[in-house]
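Dock chain B against chain A, hints included.
Residue numbers (the working numbering), protein chains in the order written: chain A, 179 to 581; chain B, 179 to 581.
Hints in this document: simulated from the structure, not taken from any laboratory.
Predicted, not measured: the structure shown is a model, and the values here were computed from it.
Be aware that one or more of the hints could be misleading.
[What the hints assert, rightly or not] Derived pair list, reagent style PhoX-like, types lysine-lysine, alpha-carbon separation capped at 25 Å:
1) B:Lys185 / B:Lys337
2) B:Lys238 / B:Lys268
3) A:Lys238 / B:Lys306
4) B:Lys185 / B:Lys268
5) A:Lys306 / B:Lys185
6) A:Lys306 / A:Lys185
7) B:Lys306 / A:Lys185
8) A:Lys337 / A:Lys185
9) A:Lys268 / A:Lys238
10) B:Lys185 / A:Lys185
[As the list claims (entries may be wrong)] Which bits of chain B does chain A cover? Going by a derived footprint, with three or more residues having C-beta under 8 Å, they are:
11) 234 to 245
12) 311 to 321
13) 458 to 464
The beta-carbon is built from N, C-alpha and C at its ideal position, and this holds for glycine as well.
Protein chains: 2
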Amino acid sequence: MSSIISKFEALATDNAPGQEVRQAEGNIRDLMRGDALPGHPVDFSHGDVDAFTPTPGSFKRFSEAVEAGGRQAYTEYRGSADIRAEIALKLEEFTGATVSAEQGIILTPGTQGALFLAVASTVADGDKVAIVQPDYFANRKLVQFFGGTVVSVAMDYMKTPTEAGLDLSQLRAAFEAGARTFLFSNPNNPTGAVYSRAEIERIVELARQYGVTVIADQLYSRLRYRGEEYTHIRACGLPEDRILTIMGPSKTESLSGYRLGAAFGSPAIIERMEKLQAIVSLRAAGYNQAVFRTWFSEPEGWMEERIRLHQAIRDDLIAVFRDGGLKTRTPQAGSYLFPTLSPLSVGLHDFVRLLRHQANVIVTPGTEFGPHTGSIRLNFSQDHAAAIDAGMRIVEMADRYRG
Amino acid sequence: MSSIISKFEALATDNAPGQEVRQAEGNIRDLMRGDALPGHPVDFSHGDVDAFTPTPGSFKRFSEAVEAGGRQAYTEYRGSADIRAEIALKLEEFTGATVSAEQGIILTPGTQGALFLAVASTVADGDKVAIVQPDYFANRKLVQFFGGTVVSVAMDYMKTPTEAGLDLSQLRAAFEAGARTFLFSNPNNPTGAVYSRAEIERIVELARQYGVTVIADQLYSRLRYRGEEYTHIRACGLPEDRILTIMGPSKTESLSGYRLGAAFGSPAIIERMEKLQAIVSLRAAGYNQAVFRTWFSEPEGWMEERIRLHQAIRDDLIAVFRDGGLKTRTPQAGSYLFPTLSPLSVGLHDFVRLLRHQANVIVTPGTEFGPHTGSIRLNFSQDHAAAIDAGMRIVEMADRYRG
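Pulled out of the complex, with its shape left as it was, chain A reads as follows (with noise of 0.2 Å):
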C-alpha cells in the first residue's frame, strides 16, 4: 500500500489545468493587495470552445453515427477500419510520409490517450526518458509513472524567433546517458516554438545514431501562423519502428468535448497501445470516432481564418505583456503564450491563486512544465476582447506583486 501512495504522488494533480475548482481558497484572502479587479472571467488554462466553436459539421456526423448503431458503437479497439482508412491519407498527405490505416495507425480518447499509451509502449521500469523543459506537463509524469527517469534536455525559447531552442548538445548527452526514448511536443507546449528544419534534422541523426526511438506530440502542428515554415519528424529519414506521432483535432479544430486523437507511425508501437487500449478503456467511444470524418476536411476558407483569428488575439497579447514587462517569446504556432513574470512578492502558486480570486483569470503555473517558477501558460484561444482585458488584468496583479 505505501508503494501505491509514493507512485501517486508523483501525479499530482492540484495545479493541474482545469482542476482549478477543486483547489480550496485556503489563506488566499490574508495575501490580497488592493481591490479585486473586476473583468469577464477567462479561464486560459483551456481554449473556450465557445469562443471558437467546434468544426462545422462535427455534431452531424455523430447523429450519423448514432444512427447507424452497432456498426459504429463497437469498433476494433485501434478503432474503426472506415475512418482509420479515412483519416491514414488525410495524415499521409499533412506530414508528407507514409500512413498503413491497418497497421500503422490507432484512434484514442483524446490526443491524452495517445500520449499514454505510447509511453507504456516504450518506457519499462528504469528506462532512460529524454524530455525536454519546459514541455507538456503529463510526459513527465507519464515516465514517472512507468518506472521510468527523466533526463531533461533544457531549451531556451527566448534565445530567437526561428528554432526551438534545444539544447542538442544535452540532447545528445541524454542519449549517450542511455535515453532511448525521446518525447517532446512540437509546436511545444507552453512556448509556442517551433523547431527548424535544421534541429529536427539534428534530432534525427542523434536518433538514428544512439537507435532512440521518438514520440512527436504534434497536437498543435496544424494552428502555424503565417510564414512560419514545419518539419514533421517522421518524414526524416527515422526507421519506421523508431517514430511514433500523435495528433488531434481537440485543439485547433475545438473537438475537445468529443475527446478524439490519433497516433500513427510504428506497427510494433500501435500493435501493443492496442493490446493496452484494451484493458484501459477499450476503444474511443465508437460513436465520437465519426467525427474523425471531418478532420482536414473543414469548410473551404475556415480553417485559413481561424488561424488569422488566432494570430491577432496572440499579437495584442503579446503587446499588452510586452508593454508591462512580462518578456515573452511570439510562438510560431499553436494558442499558448508563455510569459515570464517579473519578481514576485510571493510564490507562483499563491500568484496564479490571487489571480484567480481577485482578477478572476485562470492561467497554469509554469512548474507544471518544468522547473519554471517565473513563468505562466496561457491558452489564448478565447473571446479576443476578453483576453485581452484579462491580459491587462495580469500586467496590473504582476505590477502590485511585484518582489
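Just chain B, lined up with the frame of chain A:
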C-alpha cells in the same frame, strides 16, 4: 526493450471479444467438416445495440451537451460536478449506501476505464490479488500489467442455481497468503451467477478480518431476472476506504457507443484514480457525460420490458443448448451464457474460428475467463430469432466436431 515486449505478451488480444476481424483465416478451411451452415450472422461477443437500442432520450441529452458548449466540453477530471451529484443520489438509492458526490464518485470512459484506474490505484508491483475463476478476462490482465500476482479462487458455478459457488476456503487461503485486494464481478461475467447474501456476507467477514480492499464490478446488476435477489456488497459493512463499486450504462442500457462508466465508494482510491485519469485520457468525453442523466431515469416500464425480453431469449437459448447436450447454468442476471461443450476433436480456439467461418457465429472462447478450455461465452442481448437460430448452429457444430 525486451522487458516491454514480455510485459505486453501477457496482454494478448487475439481472442478478445470484438477483435475477431483481425484474425487471419489461416488453415481453417482444412479443418472444416461438411458444408457451411447458413444463417443470419450473429456476433455473440457483445450485445447487439440495433436489437436492443440505447435508452430513450440518450441522444437528446448528448445534443443538449453539445449546445451547452465549453461548460460541458471541459469538466473536472473526475467528471462534471452536476452530473456526479445527480447520479450519486441514484446510485445511493440503488445500492442502499451513501455516495458522496464530491469525494466518492468518478466518471470514466466505460467501466473498462473504471476497472483500469481502480486496479492501478490499488495494486503495486509484487502485490497479490484474489481473482475468481472464471471472471471477466481483463481482470487478470490488469493485475499482471501492474506487476501484481493473481491468486485464483475457484467458482463452481454449476453446483447450485441459487449461489455463485465461490470456494470460500480458497478465498480465505488467498487472503491468508497475502492477497490484499479482491476484484470480482457480480453478476459474474461470464456465467451470469449472482452471489447469494450468505456468500457476500462471508466475503465481507473475510475482507474485514484480513484488511482486504474489495473492488466489485457490478456492471450487470440492474438486469436481474424475475424473482432474483441481489446483495450490494458496499452496503454490507466494509470500511469506507476498502470498498469500490463499478457500474455503467454500456450493457443493459445499450449505451456502449458513448463509453461511460462510474466508480464509487472509497474517497482515497477515487482520488488516486482521478490523478491517474489526468494522464490516461483526462476525462470521460465531456459531451458524453451528459448521457448519464438518462441513467436510472428510464421511461416507466422500459427496464422491466427489457428484462422480460432478455429473459425470454435466455430461456429459449438454454433450452436449445440443453437439448443439444451442452450443460449451461441458468444466469440469474446479465446477458451472458457460458455453456460447456462436449469434448471436441479440434482445439477450442479452432472451434471458435470454425463457428465464425462455417456457421456465421462469433463467440468468445472460455480461455479468456480462466482455464476454461471446454466453454464458450455468448452475450445473448441479440435479436431473439437470430440468436435462437445461431444457438442451433452452435449445437450442430458441436456435434460435427465431437471428439
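Comparing the hints with the structure gives:
| no. | hint | in the structure |
| --- | --- | --- |
| 1 | B:Lys185 / B:Lys337 | violated (36 Å) |
| 2 | B:Lys238 / B:Lys268 | holds (20 Å) |
| 3 | A:Lys238 / B:Lys306 | violated (48 Å) |
| 4 | B:Lys185 / B:Lys268 | violated (40 Å) |
| 5 | A:Lys306 / B:Lys185 | holds (17 Å) |
| 6 | A:Lys306 / A:Lys185 | holds (17 Å) |
| 7 | B:Lys306 / A:Lys185 | holds (17 Å) |
| 8 | A:Lys337 / A:Lys185 | violated (36 Å) |
| 9 | A:Lys268 / A:Lys238 | holds (20 Å) |
| 10 | B:Lys185 / A:Lys185 | holds (19 Å) |
| 11 | 234 to 245 | holds (count 5) |
| 12 | 311 to 321 | holds (count 3) |
| 13 | 458 to 464 | holds (count 7) |
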